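Hey, can you work out the whole structure from these sequences and the hints?
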Amino acid sequence: MESRAGSALIDVIIAVAIFGVAAPALLTALGLLVRAEARSREQILLVNLAQNQLETAKQQSYLDIGTPYPTVTPPEGYTVVASSSVLSSQESIIAGSAA
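Just so you know, we're using the numbering used here here: the sequence shown kicks off at 847 and counts up by one.
Bear in mind the hints are in silico, worked out from the structure with no lab data behind them.
Please note that the accuracy of each hint is not assured.
Stated by the list, open to error - Using C-beta positions, here's what the derived DEER-type ranges look like:
| # | residue 1 | residue 2 | range |
| --- | --- | --- | --- |
| 1 | Gly877 | Gly923 | 42 to 50 Å |
| 2 | Glu883 | Glu922 | 35 to 43 Å |
| 3 | Thr902 | Val926 | 21 to 29 Å |
Since this is a predicted model, take the numbers as computed values, not measurements.
For every residue, glycine included, the Cβ atom is placed at its ideal position computed from N, Cα and C.
Next comes the structure, spelled out in structure tokens:
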């Protein structure tokens with residue numbers, strides 16, 4: 847009877863040791879899965895937002911040539927400055943290349 851009791855105790859100790867080694871690995875894997883799932887949800891949300899913005903942009907009509915753009919009122923404390931210039935065919939648009 848004592849040999850069976852001793853054998854059962856050894857079985858329990860081995861099971862606890864195996865669980866002690868496996869549990870941290872399983873918890874780490876579970877944490878990584880939760881983070882990956884959250885990142886995946888965020889990426890899906892961002893892709894959906896980008897697609898919605900692209901669809902909105904595609905639905906906008908073009909302004910006729912010569913039509914001024916609508917005015918912009920910047921938030922308080924900010925200014926908007928715009929300038930334009932005409933480039934000749936000899937001027938470089940991108941550094942190192944001529945148009």
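Here is how each hint holds up against the structure:
1. Gly877 with Gly923: 42 to 50 Å: At roughly 44 Å between Cβ atoms, Gly923 and Gly877 fall inside 42 to 50 Å, so the hint holds.
2. Glu883 with Glu922: 35 to 43 Å: Taking Cβ atoms as reference, Glu883 and Glu922 lie about 42 Å apart, which means the hint holds.
3. Thr902 with Val926: 21 to 29 Å: At roughly 22 Å between Cβ atoms, Val926 and Thr902 fall inside 21 to 29 Å, so the hint holds.
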